[in-house]
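All chains, please: the whole structure from these sequences, using the hints.
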Amino acid sequence: KNQVEQSPQSLIILEGKNCTLQCNYTVSPFSNLRWYKQDTGRGPVSLTIMTFSENTKSNGRYTATLDADTKQSSLHITASQLSDSASYICVVSPLVSSNTGKLIFGQGTTLQVKP
Amino acid sequence: DTAVSQTPKYLVTQMGNDKSIKCEQNLGHDTMYWYKQDSKKFLKIMFSYNNKELIINETVPNRFSPKSPDKAHLNLHINSLELGDSAVYFCASSFPGRNYEQYFGPGTRLTVT
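Going down the list, the protein sequences come from chains A and B. The end of the first sequence is residue 1199 by this note's numbering, with every number in the run present. The end of the second sequence is residue 612 by this note's numbering, with every number in the run present.
What the hints contain is simulated information worked out from the structure, not anything from laboratory work. Mixed in with the good hints, there may be bad ones.
What the hints assert, rightly or not - List time: in silico DSS-like cross-link candidates among lysine-lysine, alpha-carbon distance up to 27 Å:
1) 1186/A with 551/B
2) 543/B with 1186/A
3) 1186/A with 535/B
4) 1198/A with 540/B
5) 1198/A with 539/B
As the list claims (entries may be wrong) - Listing some non-contacts, in silico: residues in chain A with all C-beta distances to chain B over 12 Å:
6) 1091
7) 1095
8) 1097
9) 1101
10) 1102
11) 1106
12) 1112
13) 1142
14) 1145
15) 1147
16) 1160
17) 1164
18) 1166
19) 1197
For glycine and all other residues, C-beta sits at the position ideal for the given N, C-alpha and C.
The following block contains the structure:
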């Protein structure tokens, strides 16, 4: 079982609609939780980074939440645009990795926004 | 442009060959990484260097050998390529420490036939 599980695996929404992606993790203790966006054929780009003590972090139309008690995070996308079509990856930095920068990646949720 | 760059973007080769992928960053970062993204889209860390010193070496076949000539470059050499090595390889860089953002390169799609 992976230490970072994401759902749904894929999602199709209409342009302008909102959506929420889920992430459950078992990595504990952890230092921070990140959400990355990966466009097809490109490298991942960071959207948000939350430390274990933060509950929410926004980046434009993207809002991430974190519940360290239930080990859950979500990424909410508001007023979706065609350019939001991408894979969204939840990433956890284990505290035990200390200063090495090692990250544990989820499998990603593939989002398709249709006109 | 300030960025992480990789060459080549595509690499098609036959089993048994030896190949290298190059990575350069001009962001002034001290730490560089190599990741492998398999067909199931999972990204897994392979190696990490901090200021030319190896700090992460995951369970990777010793056919894979990273080399960091300076802190702005991290190359990946692969000997005796196998079909299972086919994947997308990403280079990334960051400042040292667990809370710094990692910046990824565009990836190198390696296909072994």
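Consistency of the hints with the structure:
| no. | hint | verdict |
| --- | --- | --- |
| 1 | 1186/A with 551/B | 17 Å, holds |
| 2 | 543/B with 1186/A | 10 Å, holds |
| 3 | 1186/A with 535/B | 13 Å, holds |
| 4 | 1198/A with 540/B | 22 Å, holds |
| 5 | 1198/A with 539/B | 24 Å, holds |
| 6 | 1091 | 14 Å, holds |
| 7 | 1095 | 15 Å, holds |
| 8 | 1097 | 20 Å, holds |
| 9 | 1101 | 24 Å, holds |
| 10 | 1102 | 24 Å, holds |
| 11 | 1106 | 17 Å, holds |
| 12 | 1112 | 15 Å, holds |
| 13 | 1142 | 16 Å, holds |
| 14 | 1145 | 19 Å, holds |
| 15 | 1147 | 18 Å, holds |
| 16 | 1160 | 21 Å, holds |
| 17 | 1164 | 21 Å, holds |
| 18 | 1166 | 21 Å, holds |
| 19 | 1197 | 19 Å, holds |
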